[in-house]
Amino acid sequence: MTTAAPTGAAGFLARYEGLKDHLPGARKPWLNTLRADAAVHFAARGFPTRRVEQWKYTDLGVVAQAHFAEPLTMVEGALALPVPNAPHRAVFVDGRFREDLSTLDGLAYRALGLAQNLNEAEPYLGALAKPEREPLAALNTMLFEDGLFIDIPEGVDGGLLELVSIALDPGRPFAFHPRHLVRLGAGATLTLIETATGRGQCLHNPVFEIEVAEGATLTHGRLLQEEATVFHLSTIYATIAAAGTYDNFTVAAGPRLTRNEIHAALTGPKAACHMNGAQMAADGQHVDTTTSLDHAAPDCASRQTYKTVLTGRSRGVFQGKILVRREAQKTDGYQMNQALLLSEEAEIDSKPQLEIYADDVKCSHGATVGALDADSLFYLRTRGIPESQAKAMLVEAFLHEAVETVTDETLRGALTRALDAWWSRQAAVA
Amino acid sequence: MLRIEGLTAEIDGKEILKGIDLEVPTGEVHAIMGPNGSGKSTLSYVLSGREGYEVTAGTATLNGVDILAMEPEERAAAGLFLAFQYPVELPGVGNATFLRTALNAVRKGRGESELDAMQFLKLARQRMTALSMPEDMLKRGVNVGFSGGEKKRNEILQMALLQPSMAILDETDSGLDIDALKIVSDGVNAMRGPNFSALVITHYQRLLDYIVPDRVHVLMAGRIVKSGGPELAKELEAQGYASVQAAA
Numbered sequence: 001m002t003t004a005a006p007t008g009a010a011g012f013l014a015r016y017e018g019l020k021d022h023l024p025g026a027r028k029p030w031l032n033t034l035r036a037d038a039a040v041h042f043a044a045r046g047f048p049t050r051r052v053e054q055w056k057y058t059d060l061g062v063v064a065q066a067h068f069a070e071p072l073t074m075v076e077g078a079l080a081l082p083v084p085n086a087p088h089r090a091v092f093v094d095g096r097f098r099e100d101l102s103t104l105d106g107l108a109y110r111a112l113g114l115a116q117n118l119n120e121a122e123p124y125l126g127a128l129a130k131p132e133r134e135p136l137a138a139l140n141t142m143l144f145e146d147g148l149f150i151d152i153p154e155g156v157d158g159g160l161l162e163l164v165s166i167a168l169d170p171g172r173p174f175a176f177h178p179r180h181l182v183r184l185g186a187g188a189t190l191t192l193i194e195t196a197t198g199r200g201q202c203l204h205n206p207v208f209e210i211e212v213a214e215g216a217t218l219t220h221g222r223l224l225q226e227e228a229t230v231f232h233l234s235t236i237y238a239t240i241a242a243a244g245t246y247d248n249f250t251v252a253a254g255p256r257l258t259r260n261e262i263h264a265a266l267t268g269p270k271a272a273c274h275m276n277g278a279q280m281a282a283d284g285q286h287v288d289t290t291t292s293l294d295h296a297a298p299d300c301a302s303r304q305t306y307k308t309v310l311t312g313r314s315r316g317v318f319q320g321k322i323l324v325r326r327e328a329q330k331t332d333g334y335q336m337n338q339a340l341l342l343s344e345e346a347e348i349d350s351k352p353q354l355e356i357y358a359d360d361v362k363c364s365h366g367a368t369v370g371a372l373d374a375d376s377l378f379y380l381r382t383r384g385i386p387e388s389q390a391k392a393m394l395v396e397a398f399l400h401e402a403v404e405t406v407t408d409e410t411l412r413g414a415l416t417r418a419l420d421a422w423w424s425r426q427a428a429v430a
Numbered sequence: 001m002l003r004i005e006g007l008t009a010e011i012d013g014k015e016i017l018k019g020i021d022l023e024v025p026t027g028e029v030h031a032i033m034g035p036n037g038s039g040k041s042t043l044s045y046v047l048s049g050r051e052g053y054e055v056t057a058g059t060a061t062l063n064g065v066d067i068l069a070m071e072p073e074e075r076a077a078a079g080l081f082l083a084f085q086y087p088v089e090l091p092g093v094g095n096a097t098f099l100r101t102a103l104n105a106v107r108k109g110r111g112e113s114e115l116d117a118m119q120f121l122k123l124a125r126q127r128m129t130a131l132s133m134p135e136d137m138l139k140r141g142v143n144v145g146f147s148g149g150e151k152k153r154n155e156i157l158q159m160a161l162l163q164p165s166m167a168i169l170d171e172t173d174s175g176l177d178i179d180a181l182k183i184v185s186d187g188v189n190a191m192r193g194p195n196f197s198a199l200v201i202t203h204y205q206r207l208l209d210y211i212v213p214d215r216v217h218v219l220m221a222g223r224i225v226k227s228g229g230p231e232l233a234k235e236l237e238a239q240g241y242a243s244v245q246a247a248a
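Protein sequence lines, in the order shown, are assigned to chains A and B. Under the UniProt record's numbering, the first sequence has 277 at position 277, and the numbering climbs by one with no breaks. Under the UniProt record's numbering, the second sequence has 160 at position 160, and the numbering climbs by one with no breaks.
FYI, nobody ran anything at the bench for these hints, they're computed from the structure. Some clues are possibly wrong.
What the hints assert, rightly or not - Beyond 10 Å from chain A on every Cβ pair, some chain B residues (computed): (1) 6; (2) 18; (3) 55; (4) 101; (5) 130; (6) 134; (7) 146; (8) 220.
Stated by the list, open to error - Partial chain A-side listing against chain B, Cβ under 8 Å, derived: (9) 378; (10) 386; (11) 401.
For every residue, glycine included, the Cβ atom is placed at its ideal position computed from N, Cα and C.
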């Protein structure tokens, strides 16, 4: 008689028990404590269910019921990498840093594998994440093996860096939980392009802890392009100091289930946060963008424009919370989410949530849902443009408003290519 | 040559066209005049293939080819063009991209080579100059923020680029001042020749002072009730549609 391996939270907790003496940093008491505390939180909460308000529209049942193992042992050697979006890149395979595949020479700052540099990372690891509040961050903290640690000194222009994540298919379900730390000193700048590809039945559960100091600017472009067998659940924590800017643009176009969860806090006057994105889902897929923006200082601005395109039997979710604290006077907040439903079976759930405690603020939000405009489609077709191409033009136009918020041309090009590639795949299937 | 025989069509079960017979020989410009609700716009939509209009009887052929069975884009490749009464605004679609995509789609459909960006720009600039259109209209979204006159000029620009053999101009004069009317008319007249025909749909005679038709047809209650030379338009202007109705 054999006993079935435990699934879901129990499975991951069992793995933690078995692995905790072998995980990176296992001899560092501070990290052991961090992991053990996270395990307590994860044991108490398990995977979120739809009874939890923040997960009302996204069902993790299929993830919770699966049995995920660790990735295979790292094998050195060449690997087919995605087309580069930047000259400098840090490559991760199954969540593990691969220095041999990375090109990081000549950087004016540190971009390191986290597992090998835990001592340097100690003050920052866990500084922003909330494992007691987000079970997925608890799961990540409990089991992370590696990640990218970026530390840009004051005043340094970090240029363009690509974070590449590749998941290989070992032929059985597996999970990895990279932990990425990004720190920009006062006045520093960086454009970080994150490219996630992968295949097989895997759970990619990254957590980012991002600190943008006074007057620094981080542009963070994310291309979540894993195949339709992958679960991508990412959580970003960002804190932006006075006059700093965090600019996030996420394209979610590929995975079976994507949760793009961002918690950003504006902690000093005149800080700014832009969270924009385009999420697309085809038959059988689910995309979820959940943002939470904390205006904790006066004179800050936040802008959010999210576009969702759904085809087939798919589902999209947008949840956007804006908290304006009492001291955050002169806040300028804007949030817009729009969905384009290309099939009768697609469904979008949209939940804006504004909590405003300051009395002198400008905060607006809006949401629209619609199908492609029949008059526009007819107009294009009378000009000789075939129906599929006309639809593609209108979808691109719909996404345009979000994409045009990206000022970095390299990034905008990469985002546009990702969106075009998604659309071409749909057209090829149809 | 556009030939329409016994065409009846309905929308939402309501019959709008009740047996249209019409021939526009190659090289000729015909006008269709009629009061509001007579079926003028329905005729243009049925011919160009808009969804929601059901053809219940009759035929329509362009140069001998049945167009009613074709998709709208196939009709465009076959040489049909509809200038809209209310051109659609397409935010996020650049006018230059739109024009070049349309031109190349039509050229492809006709078995012609596609134009590259430089060849297209050269051609577009040339056509725009003739229509007194500023070049920045290429950079803007299709019809976005265009005045009524600019939208109509953009329609004529599309016609000039796509080189149809048969153009339907649906109330192209609506919302135009005299200067714009003259520019638009010049654009249409410049297309006239042995290989171009047009069906000019209008409520008012004014446009026909600038685009002088070979024939004028009066459409009332879904039928052509009277046909004649250009003088018929003047007659209608003087006496109104009621006189035709009384005679019919």
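Hints and how they fare:
Look at residue 6 of chain B: its CB is around 24 Å from the nearest CB on chain A, clear of 10 Å, so calling it non-interface holds up. Residue placement check: residue 18 of chain B keeps its beta carbon more than 10 Å from all beta carbons of chain A (closest about 24 Å). Here residue 55 of chain B stays apart from chain A, with its beta-carbon at least about 16 Å from theirs, past the 10 Å limit. Listed as outside the interface, residue 101 of chain B is inconsistent with that label: its C-beta sits roughly 6 Å from the nearest C-beta of chain A, within the 10 Å cut-off.
Taking the minimum C-beta to C-beta distance to chain A, about 19 Å, the non-interface status of residue 130 of chain B holds against the 10 Å cut. Separation of residue 134 of chain B from chain A is adequate, the least Cβ-Cβ distance of about 22 Å exceeding the 10 Å criterion. Every beta carbon of chain A lies more than 10 Å from that of residue 146 of chain B, the smallest distance being close to 14 Å; the non-interface claim holds. With a least beta-carbon separation of about 26 Å from chain A, residue 220 of chain B lies farther than 10 Å from that chain, consistent with its non-interface assignment.
Evaluation of the residue 378 of chain A hint against chain B yields a held restraint, the C-beta minimum of about 5 Å falling below 8 Å. Interface restraint check: residue 386 of chain A against chain B, minimum CB-CB distance 5 Å, threshold 8 Å, status holds. Because the smallest distance between the Cβ of residue 401 of chain A and any Cβ of chain B comes to about 6 Å, under 8 Å, the interface hint for this residue holds.
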